[in-house]
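The primary structure of each chain is shown beneath.
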Amino acid sequence: MGNMIKIHINGKPYRVEPGQTIMQAADKLGFHIPRLCYHPKLSIEGACRVCIVEVEGMRNYVASCAYPVSDGMKVRTNTKELRQARRDIIELILDNHPLDCHTCDRDSNCELQRLASSMGIKKRHFEGERKQYDMDISSPSVIRDPNKCILCGRCVRICSEVQKVYNLGHAYRGFKTVVMPAYNMPMAESVCTACGQCINVCPTAAFVEKNVTQELFTKLNDPSVIKVAQVAPSVRAAIGEAFGLAPGAALEQEMTAALKRLGFDYVFDTQFSADLTIMEEASEFLERIQGKGRLPMITSCSSAWMKCLEQFYPDLIENVSTCKSPMSMMGAMVKTYFADRIKKDPAKILSVAVMCCTAKKYEAQRPELMVNGMNATDMVVTTREIAWMIKSAGIDLLHIKPERFDEPLGLSSGAGTIFGATGGVMEAAIRTAYELYTGETLLDIEVEDLRGLKGIKEGKVVMDNKEIRVAVAHGLGNACDLLDIVRKDPARYHFIEIMGCPGGCVGGGGQPYAGINSIPLDEDCLKKRAEALYNLDRNKTIRRSHENPDIQRIYKEFLGRPLSATAHKLLHTHYKAKGPRGITPQVAIGMKG
Amino acid sequence: MAVRYQITLCDGPTCMHKRSKEIDAALERELASRGLSGKVDISLSGCLGMCAKGPIMIVNPGYTIYGGVSENDIPEIVEKHLVRKQPVSRLIIEEDHLYNRFFRVFGDVNFFGRQMRIALRNCGIIDPENLDDYLSVRGYEALAKVLSAMKPEDVIAEVKSSGLRGRGGAGFPTGLKWELTAREESEEKYVICNADEGDPGAFMDRSTIEGDPFSVLEGMIVGGYAVGAHKGIIYIRAEYPLAVKRLEKAIEASRNEGFLGTNILDSGFSFDIEIRLGAGAFVCGEETALIHSIEGHRGMPRPRPPYPSVQGLFDKPTLINNVETWANIPVIILDGAAWFSSIGTEKSKGTKVFAIAGKIKNTGLVEVPMGTTLRQIIFDIGGGIPNGKKFKAVQTGGPSGGCLPEAYLDTKIDYESLAQAGSIMGSGGMIVIDEDSCMVSIARFFLEFTQNESCGKCTPCREGTKRMLEILTRITEGKGAEGDIEKLERLGNMIKKASLCGLGQSAPNPVLSTIRHFRDEYEEHIKERKCRAHFCARLVRYEITDKCAGCAACRKVCPAGAISGIVKNRHEIDQAKCIKCGLCYKTCKFGAINKV
Chain A
1 MGNMIKIHIN GKPYRVEPGQ TIMQAADKLG FHIPRLCYHP KLSIEGACRV CIVEVEGMRN
61 YVASCAYPVS DGMKVRTNTK ELRQARRDII ELILDNHPLD CHTCDRDSNC ELQRLASSMG
121 IKKRHFEGER KQYDMDISSP SVIRDPNKCI LCGRCVRICS EVQKVYNLGH AYRGFKTVVM
181 PAYNMPMAES VCTACGQCIN VCPTAAFVEK NVTQELFTKL NDPSVIKVAQ VAPSVRAAIG
241 EAFGLAPGAA LEQEMTAALK RLGFDYVFDT QFSADLTIME EASEFLERIQ GKGRLPMITS
301 CSSAWMKCLE QFYPDLIENV STCKSPMSMM GAMVKTYFAD RIKKDPAKIL SVAVMCCTAK
361 KYEAQRPELM VNGMNATDMV VTTREIAWMI KSAGIDLLHI KPERFDEPLG LSSGAGTIFG
421 ATGGVMEAAI RTAYELYTGE TLLDIEVEDL RGLKGIKEGK VVMDNKEIRV AVAHGLGNAC
481 DLLDIVRKDP ARYHFIEIMG CPGGCVGGGG QPYAGINSIP LDEDCLKKRA EALYNLDRNK
541 TIRRSHENPD IQRIYKEFLG RPLSATAHKL LHTHYKAKGP RGITPQVAIG MKG
Chain B
594 MAVRYQITLC DGPTCMHKRS KEIDAALERE LASRGLSGKV DISLSGCLGM CAKGPIMIVN
654 PGYTIYGGVS ENDIPEIVEK HLVRKQPVSR LIIEEDHLYN RFFRVFGDVN FFGRQMRIAL
714 RNCGIIDPEN LDDYLSVRGY EALAKVLSAM KPEDVIAEVK SSGLRGRGGA GFPTGLKWEL
774 TAREESEEKY VICNADEGDP GAFMDRSTIE GDPFSVLEGM IVGGYAVGAH KGIIYIRAEY
834 PLAVKRLEKA IEASRNEGFL GTNILDSGFS FDIEIRLGAG AFVCGEETAL IHSIEGHRGM
894 PRPRPPYPSV QGLFDKPTLI NNVETWANIP VIILDGAAWF SSIGTEKSKG TKVFAIAGKI
954 KNTGLVEVPM GTTLRQIIFD IGGGIPNGKK FKAVQTGGPS GGCLPEAYLD TKIDYESLAQ
1014 AGSIMGSGGM IVIDEDSCMV SIARFFLEFT QNESCGKCTP CREGTKRMLE ILTRITEGKG
1074 AEGDIEKLER LGNMIKKASL CGLGQSAPNP VLSTIRHFRD EYEEHIKERK CRAHFCARLV
1134 RYEITDKCAG CAACRKVCPA GAISGIVKNR HEIDQAKCIK CGLCYKTCKF GAINKV
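Just so you know, the protein sequences line up as chains A and B, in that order. Its first residue numbered 1, the first sequence is counted upward by one per residue in the numbering used here. Its first residue numbered 594, the second sequence is counted upward by one per residue in the numbering used here.
Treat each hint with caution, since some may be false.
[Said to hold, decoys possible] In silico DSSO-like cross-links for lysine-lysine, where the CA-CA straight-line distance does not exceed 30 Å: (1) A:Lys80 / B:Lys842; (2) A:Lys80 / B:Lys1080; (3) A:Lys80 / A:Lys123; (4) A:Lys74 / B:Lys940; (5) B:Lys909 / A:Lys41; (6) A:Lys488 / B:Lys909; (7) B:Lys673 / A:Lys176; (8) B:Lys753 / B:Lys673; (9) A:Lys122 / B:Lys1089; (10) B:Lys1188 / B:Lys1123; (11) A:Lys12 / B:Lys1089; (12) B:Lys1005 / B:Lys983; (13) A:Lys348 / A:Lys391; (14) A:Lys164 / B:Lys909; (15) A:Lys123 / B:Lys1089; (16) B:Lys909 / A:Lys454; (17) B:Lys1089 / A:Lys74; (18) B:Lys673 / B:Lys632; (19) B:Lys753 / A:Lys176; (20) B:Lys738 / B:Lys753; (21) A:Lys210 / A:Lys74; (22) A:Lys123 / B:Lys1072; (23) B:Lys753 / B:Lys940; (24) B:Lys753 / B:Lys982.
Rather than coming from a laboratory, the hints here were simulated on the basis of the structure.
Pulled out of the complex, with its shape left as it was, chain A reads as follows:
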C-alpha cells in the first residue's frame, strides 16, 4: 500500500494504486463512467470516446479507458460540458443508426439503447445521411449487418485477439468505414469459424445468429413430422439468464418441460451422446497410445475449432479424433436407432438441436455428417432463440412443472454434463479411459487442474505406470497457441481438448446476452455457468460415461462395441484441409513482426 498515489475525482481526494487507468480507478471508487467500445478482455481501442473525462491541465478530454492515473491528477467525470459532449457523441452514433429499435434483435438488450437512455437523449440535432449496406446473410451461423454497426471494433478485436482468426477488419475511411471480412468476402466464404463471439461482444445487432425460429415454429405445427429435440449441456446452465435469473441457475427439467410444451414429441439430452462420444473417443485414444494413430490426439467436439483446424492447422488433421461431435452423434442415433425403436420412417423425423453455439448451425450442414442420405441434424437453434420461442409461446419457464428427458436417449452421466465447461471433455474422457485401460475404477474423478479459465491448462494421469500428459485450451486463440507448441514439440502431450469459445461451451456464441449489470463474456458469469454444470455432475450417482445404463444398452442393442463397424459408420467422420480465401492467421501473425 506504500506506493499508493493521490488523485482527485470530482473535487474529492482518493488514494489509488498506480499503473491503472482512470476508468479502472473510478470503477473501484464507485464512479461509473459511461463506455461503449471498452471491453476488459480486449485491447484498448479508445474509439467511441464515450468514456471521456476532464483532466486538469489537459487541453482536450481524455479517454478514461486508456489514460493512466498519475499522482496529483485531478479528474472530473461529470461536468455539464462532459455530459453534453457524451450526449452529442451518442447522438452522432444514433444519427447513423437505423431507427428500428422495436423490431431489432437486440431490442431491450442493446448497449447503445441503454446508453442513449441513460444519457437522456430526447431530441436529435444532427440527423443526416445514414449508411446503407447490404446485410451479409451468406453464413448459416452469423449474420453481419453493417447498418447496425457502430464501429466500436469489439468484434474485430475478439476475432483477432481472443480467437486469432483475424477474419474481421475495418475497411474504407471516414464516414464510409465499415467492418468486414478481408476483401468483403461473404461470411460463408471467409475464414469465419462461425464461433459467434462477435455476436457475444457486439453492443448492438451488427452481428446476430441466423435466426430460424419462425421456420421452427412452422415445423412444430406440422402434425406429419415427429419432432425430436436434443439440448446441449450448457443451454440449461444459461437459459435462466434470458429470463432474468442470475447466472448459475441450472434449469434442466424446466427447460425439458418447456420444449415439450413448445411441441416437441421427444426431448433428448445431448449429454447422452456426450457419453457416447466419450465411449468412442476414449477407445480411440487407447488405440492411439497403443500405436494405432497419431498422438497427441485432439478432441473434435467443437465445430468452430473444426473449421479452424481445417483452415489453419491442416497438418494436424490426423491428430484429431474421428469422433463426430455429441450433437451429430445424437442426430445419427435419432435417425437410425431411435427411428427403428419407434418404427417410424427416419425421413419423417425432424431432428432439432438446441445449442449454446452458432457454429453448430454450420456443422449441421456439413455433408460428411449425413446419415443414410439424410441430415443428422435438421435444424439448430441457439439458447437465445429457444429462450425467445419459449417467451413467445407464452410458456412460464420459471414456474413450469419440471419434466425428465425422454428415453432411450435422455439418460446421461455426470461426465456428459461437464462437457459444457472447458476441460470437461478431458475430465470425462479420463474417467472412462482410465477404467478401460487399467480395468480399475478411477476414484478421484474431479481433475481440478483442468477446470477454470486459464487459457491453456495442463495435467497428468498415470495409468498402469504410464504417464499420460494432457492439455486443454479454450478459445481459438489459446488453441492456436497450444497447437503452435504441438507443432514444435509433438511428443509433449498425449491428449488435448480444444473448445472454440472462451470458457468452453458455457461461453458459446449462442448464449444469452449479458444483462444490465454485466458485460459480455464476464468471467464470473462463465464460472457460474460452469459451476452449475459441475454441481449437476456432483449430484449424480452415475458420473462415468461407461456406467450409463442406456449407453450400455445402445451398444448391446445396436452399436456392438466402441469403434465397431456400425459405430464407425454412424459416429465417426473425417476432415479435409481447406484453402481459405482471405487472410490466414499465419500471414496476419507474420505481419505483427
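Chain B: place on chain A using the hints.
Relative to chain A, chain B alone:
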C-alpha cells in the same frame, strides 16, 4: 586549370595595413613561377568590410572567402585551390557557410532575399544524387563531430537548448522527445522519419528530400546515436517516386562510404536506414497510425500514452520526427544551439518552411525565420494578390488549419500566435484567399477533405465531421437554417476536445475559424440567402439590366426556359424557373446580366 579563376584581394586600409600589397606581389610571383601568369584574374577591391578577419581574399567561381591570409599561405592556395581545385579549408571564413551559400547563388531577388534557408540550405545548391557534393558543403561533418567528440547526452542537450520544435505540426520540443526516448531502457529502439506529407498543396518534405536527402539521413543518424537506436525507417508516400529514388541513392552512397551501416566512421556506432512506402492515407502522418502502417496494420491511430518514445514501433521505444525537423539537426550540431536559438521568437526557434499557394503571385516554397509576419510572407515574398484583387484571408496549417483575416496579417508567425488566432502552424501549408472566395465554401472544402481522410475509428471525427459537412453543404446551397452556426460550433468544439488523434482534434479548425472571423458571411448565407463572393451557385441571382439589347441570345441558351422577352426589348429572368447555371451570364455580349 580549365576554370578561369578570379581573385579579389581586399585593399582597404586595414587589409593594406595587414600587408595586402605584399600578398598581391607574392601571388603574382607564385603564379609566374608556375607559368600561370595571365591565366588568373587578380583585382584589388575597396574595403570589403570584414576588416577584423583581413586580409581578405575571395576566389571565384565558388565564392570562397579566405581570411587572415599571409604571404606564406599563397603557395598553398595556388597549389590546392587553383591547381587541384580544393579550397584551403583552414583559411576559409566559417561564419556564413551554411544558409548564406544559397543566397550567393539565388539571393539577389526579392523572393529569396527575404528568406532564410536552414532546412533547405542545400536544395538547389548540391547535386542531390552526389555524396561528394554533399561532403563539399560540410556534409556529414555534424555526424563526425557527434561521433568523435560528443556523448549522446551532449547531443540531446544541444538539441534541447536549440529550442527546435517538431516541424510536423504539433510543435513538441524535439530535444525533450529525444530525451524521453533515450531514457527508455531497451535493446531495440527505432528512429523514424515521417515523410508522409499529406496536406493538399504542401510539398516541403518532398522538396527537402528531393533537393538534399543527405541532411535528413545525417539528422537521423545523429538522432539514432543520441537515443541509442540502430535502426531507422523513413516512411514516405509512394506518390513521391523521385524523392524515394534519391533517398535510395543517398542511403546506398552513404552506406558505401561508411556514413551508414555498421561501425560508422570507425566509431563503433552502427545505424542503418530503410525506406517504407505509404499508400497515401492522410491519417498515416499521425505518428501512431504511421507506426501501425509500418507494422503492417491498417493505419489507425491509437490513444496515447503510451507515447512512441516509450512504446512505439513493434512496441519498442521509438523516436519519430518529421523531415524538416531532421534536416535542421546537422545545422544545430555544427553551428551550435546558441546560434540556432538566436533565430526566431521566444518560444519558436529557427526557421519554418511554408508552401504558399492559392491567390498569390509567387506560389512556391519559402523558408523564413519564425517571427516573420504573414504580411511579409504574402506580400513581400509572395508578391501579393494577383489581378488587383483584395486579400481576404490566409489559411495556414493545411486542411486542418484555420483561416485568418486581414487583421491578423501582422501576426508574427510562431506556434503560439497561430494557435491563439484560431489556426495552427501545421506542417506549413499556407493558402491565400482573395475576395472572390466564399469563406463558407472554403471551410466546406477543407472539411470534406478531412472527413474523407478520417480513419473512421473515433466517433467524433467520423460521424461529427460528416454532420458538420452536411450542415455546411446545406448552407452553401441556400438551405441553411437558424441555429446552424450554433450547431457547427457545438459539434466543432466537441470534436476538437473529444477526438482520438490530431486529425479529429484539428478538423473543425477551418469551420470554427471562419465562423469566428467571418461570421457575417455565414449569416448572410443563412438569413439573406446571399453569397457575397458570388461563389455559391445556388445563392447567386441573375438579373438582366437596362443594358439589355434584346438580342435573345440568353433566352436561346437558357436550358430551363426561364428567360422571356421580345426581340429588341429588355428580357427578364423568371427566378422561380432559374436553375442558376450561369449560361446566360456567360453568353451575354452586352454585360447586361448581373450576378447578385
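Outcome of the hint check:
| no. | hint | in the structure |
| --- | --- | --- |
| 1 | A:Lys80 / B:Lys842 | violated (58 Å) |
| 2 | A:Lys80 / B:Lys1080 | holds (17 Å) |
| 3 | A:Lys80 / A:Lys123 | holds (17 Å) |
| 4 | A:Lys74 / B:Lys940 | holds (28 Å) |
| 5 | B:Lys909 / A:Lys41 | holds (23 Å) |
| 6 | A:Lys488 / B:Lys909 | holds (27 Å) |
| 7 | B:Lys673 / A:Lys176 | violated (66 Å) |
| 8 | B:Lys753 / B:Lys673 | violated (39 Å) |
| 9 | A:Lys122 / B:Lys1089 | holds (24 Å) |
| 10 | B:Lys1188 / B:Lys1123 | holds (11 Å) |
| 11 | A:Lys12 / B:Lys1089 | holds (28 Å) |
| 12 | B:Lys1005 / B:Lys983 | holds (21 Å) |
| 13 | A:Lys348 / A:Lys391 | holds (27 Å) |
| 14 | A:Lys164 / B:Lys909 | holds (23 Å) |
| 15 | A:Lys123 / B:Lys1089 | holds (23 Å) |
| 16 | B:Lys909 / A:Lys454 | holds (28 Å) |
| 17 | B:Lys1089 / A:Lys74 | holds (21 Å) |
| 18 | B:Lys673 / B:Lys632 | holds (16 Å) |
| 19 | B:Lys753 / A:Lys176 | violated (43 Å) |
| 20 | B:Lys738 / B:Lys753 | holds (17 Å) |
| 21 | A:Lys210 / A:Lys74 | violated (48 Å) |
| 22 | A:Lys123 / B:Lys1072 | holds (21 Å) |
| 23 | B:Lys753 / B:Lys940 | holds (12 Å) |
| 24 | B:Lys753 / B:Lys982 | violated (44 Å) |
In this structure, the hints that do not hold are numbers 1, 7, 8, 19, 21 and 24, in rising order.
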